[in-house]
Amino acid sequence: MTDAVLLRTEQMTKRFGGLLAVDNLELQVRHGAIHSIIGPNGAGKTTVFNCIMEFYPPDDGQIWFAGQRIDGLTPDRVAAAGINRTYQTIRLFRSLTAIENIMVGMHIHLKSTWYGAVLNTRGTRADEARAHGDARHILDFVGLRGRGDVVARDLAYGEQRRLEVARALATRPRLLMLDEPMCGMNPRESGEMMSFIRRVRDQRGVTILLIEHSMRVVMGISDRVSVLDHGVKIAEGTPAEIQADERVIEAYLGTTEKGPQ
Amino acid sequence: MAFEIVAASRAEQAKTTPWRHAIRTGLALGGAGVFMAVVGILMMFQNRPIIVGTLTLGYATLGLTLFTAGLLIARRGLFGHRDPTGLAGAVAGALAASLPALLAVLMSLVDLRGVFVALNPPLLTMLTFHQESALLGAVCFLVLGAALGGAGALFLQLPDGIRRPLAGGLIATGLAGMLQELIRPILANSPVTKPLHDLLYTWSGLTLRGAVIIFLVVAAAVLLWHLNRQRIETAVGGLGLRTLRMRLGYMGAAALLVALFPLFAGNFIGQVLLIVGLFTLMGMGLNLEVGLAGLLDLGFVAFYAVGAYATALLMADSPYALARLSFWQAMPIAVLVSLIVGVIFGIPVLKIRGDYLAVATLALGEIVRVVVLSDAAAPFLAGSEGILRIPRPEIGGFVFGTPVSLFYLTLAASLVAAYVAWRLGESRLGRAWRAIRDDEDVAEALGINLIQVKLLAYGLGAAFAGLAGSIFAVMLGSIYPHSFQLIISINILALIIVGGLGSLPGVAVGATVLIGLPEMLREFGEFRYLFYGLAIIAVMRLKPEGLWPSAARLRELDIDAETVVVQQAQVAEKNS
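Chains as they are written, first to last, in the working numbering: chain A, 1 to 261; chain B, 1 to 576.
Please note that a few of the clues may not be correct.
[Unchecked claim] From the derived model, a few chain A residues whose C-beta atoms are all more than 12 Å from chain B:
1) Phe16
2) His31
3) Asp71
4) Pro75
5) Asp76
6) Glu100
7) Gly184
8) Phe196
9) Arg199
10) Arg204
11) Ala244
[Said to hold, decoys possible] Taking beta-carbon pairs under 10 Å as the criterion, some of the chain A residues facing chain B (in silico):
12) Val78
13) Gly116
14) Arg188
15) Arg201
[Said to hold, decoys possible] Estimated spans, in silico, between C-beta atoms of each pair:
16) A:Arg122 to B:Leu263: 48 to 58 Å
17) B:Leu517 to A:Arg122: 38 to 48 Å
18) B:Glu394 to A:Arg122: 33 to 43 Å
Hint data in this document are derived by calculation from the structure and do not stem from the laboratory. Predicted model only: the values in this text are computed from it and were never measured. Note that beta-carbon positions come from the ideal geometry of N, C-alpha and C, so glycine has one too.
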């Protein structure tokens, strides 16, 4: 089923000075999957996201997305190709309202120009009205109905998390990368987030690449799991296979005091 | 930690006895008086009458420091109710007087002019109240200080019904005297108001008779207002201010009145307002860059220069000119050229962020001026000679020759520019700008082309400055590289911060306060920059969000303050 692979990294490598943050990573994310990346702290999981998004272009290797090579592009081109992400620490546009945050996400799909805006042309007004409507729609989808005019930093923590997803969805991605979306949530909230992520995949047809610490979440939601340790992929498989894998258990027990939750 | 600091300052407060506070306040204000004397402001103020033949601005300022000493004592309320507040005020006032008095005695013994030029005999005469003996003068000074300080302290304890009319009358009289150069021409110009002018003013300023009249009238008005406040408010409410339409009508009428004001105020005011208008134009441009897109720019004056030079080269009756276009043809071209230069200017600084951007743009701005001054460019741009004989704008035989007519041209340009700036801010591009201001990396990851968006910010911002430069060129009729100094960039940045970053009305308010007021104070020469600095510090301390903040900015600062309070509470909790 190689034709169903949406994202493929080949020997992707990233160094920070002497530190090998990602070492020859071979990753294949299938179309329509929920694919998790796990690993102890400092394993290089977020660096993988940053490399794919081209925040840090990889030092070596190639990244292929939907048949197009994306390493070496700028982040805005990667976004245009159909990848978007959320951040481990929430990075909303804090002084913009929720609806404005989403509309910034729609930027690439809007056509109005600055001179059109100055002249207040019919086309610009229609474009903006449509954008506003679509943004409301996404807001409803993530369960923030009625919160559109609230400034991002005034939203509750869980709402901010969902707004970040909404903003990423506004770029109409084919691959959505979520960096610890349940971080700081209680079990009930993270349960809601789990079903929300499934809804994003099922209703919007978006492939999910997920970084998550909670084993309960990872094992409950993922189709496939890759395990990273010190930048190296040490295991990959279905949740059941990973739970039985000796190297995984060793990596967790060997580097942290607590085992998998 | 915050908790400890609070605790420490409480402990310190407990140690501060009321008397110690009085002494400290008095000495601080005394220091202020000495400072003003030493740098020479006091003497400069002394030459300006508030009430002709009775009170100079110099004595008024000195008196104000003594009065303030008492005022500050009473305001702290450290003493109980039946108390020696008046006495403490008198002590503080006397102390505030003691330092300048000491200075006067010292000056009578030693000639200090070798160290401080301003400490000259006329100042001594002033500080000793024209007494022969400096010692006697000093005693007068101390007595005056005690009296004014005591008055200041007791002033706050007066009942509202007396205090407010007194304060209103005094302030009104002070303003009428201070602003006589502004008020007199307006009153004298019209035959209707000429008798009023003759009643209150002579050619050199406010008369004693005028001062008394103004004091009494204003005090009576304030008293009436105070006594009949509710009745007046209902009467005003009855005029229909409640309905939106009426309110808009009144606002429109007020705006019209303000717009017509320069017609009556004459050319001096017209000139000041013209300059305020030019800075407002530039402020709106820089506001796109700094306020919306968050791109700090200290080289903004470059675009002003480009607009002015482009206009000059296209219009002037000079060997350097490229064409002899009319203003209406040259101005759009100048704006376009500025826009292009703005885009080019943006290219080298695209990848630079934050503080580094300030330094880089500072250098780029200087480059433009240095290039114009250079020998290489001299054959084309006339070097330091400047380009002369730029004709005035003309429309159907009407020449924009006077500052007032040029002010209306600037006003029209500003209104158009404000509309454009508003539309830009609300557009998809404006949203992208605000996004990169908040988080550049995330904005890029959402598909925003940083290069395009940033270059548009520089280019469109520059176009506004080009328009201002174009008007500047025809206003002066000749331009020189020396007109485009770094201080202009700094002024524009300061005025948009003082007005409120990202706020359009804030730009106009900031320009009025920071450009208009110092222009009014032109006779004080370099000292006006002192007021300029004081004004900036005062605004930043008292209203850090700016004088007319944008709604978004206000929200931001509110939240920041909230966060601080929450954090402090958390820290305090941990510590306990």
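Hints, verified against the model:
1. Once the 12 Å rule is applied to beta carbons, phenylalanine 16 (chain A) is consistent with being away from chain B; the minimum gap is 17 Å.
2. Look at histidine 31 (chain A): its CB is around 22 Å from the nearest CB on chain B, clear of 12 Å, so calling it non-interface holds up.
3. Taking the minimum C-beta to C-beta distance to chain B, about 15 Å, the non-interface status of aspartate 71 (chain A) holds against the 12 Å cut.
4. Here proline 75 (chain A) does not stay apart from chain B, with its beta-carbon only about 5 Å from theirs, under the 12 Å limit.
5. Its closest Cβ contact with chain B, about 5 Å, brings aspartate 76 (chain A) to no more than 12 Å, contrary to its assignment away from the interface.
6. Its beta-carbon lying about 6 Å from the closest one in chain B, glutamate 100 (chain A) breaks the requirement of being farther than 12 Å from that chain.
7. With a minimum CB-CB distance of about 16 Å to chain B, glycine 184 (chain A) clears the 12 Å threshold, and the non-interface call stands.
8. With a least beta-carbon separation of about 20 Å from chain B, phenylalanine 196 (chain A) lies farther than 12 Å from that chain, consistent with its non-interface assignment.
9. At roughly 22 Å from the closest C-beta of chain B, the C-beta of arginine 199 (chain A) stays outside 12 Å, upholding its exclusion from the interface.
10. For arginine 204 (chain A), the condition that its CB be more than 12 Å from all CB atoms of chain B holds, with the nearest at approximately 17 Å.
11. Listed as outside the interface, alanine 244 (chain A) is consistent with that label: its C-beta sits roughly 37 Å from the nearest C-beta of chain B, beyond the 12 Å cut-off.
12. For valine 78 (chain A), the suggested interface contact is upheld, since its CB lies about 8 Å from the closest CB of chain B, less than 10 Å.
13. Given the 10 Å rule on beta carbons, the hint for glycine 116 (chain A) holds: about 8 Å separates it from the nearest Cβ of chain B.
14. A distance limit of 10 Å between C-beta atoms decides the matter here; for arginine 188 (chain A) the minimum to chain B is near 25 Å, and the interface restraint is violated.
15. Annotation: interface hint on arginine 201 (chain A) violated; nearest CB of chain B at approximately 21 Å, more than 10 Å.
16. Separation of arginine 122 (chain A) from leucine 263 (chain B) is about 40 Å and departs from the stated range, judged on CB atoms against 48 to 58 Å.
17. Taking the beta carbon of each, leucine 517 (chain B) and arginine 122 (chain A) are about 45 Å apart, inside 38 to 48 Å as hinted.
18. With their beta carbons about 37 Å apart, glutamate 394 (chain B) and arginine 122 (chain A) fall inside the hinted range of 33 to 43 Å.
The earlier numbered hints that this structure contradicts are 4, 5, 6, 14, 15 and 16.
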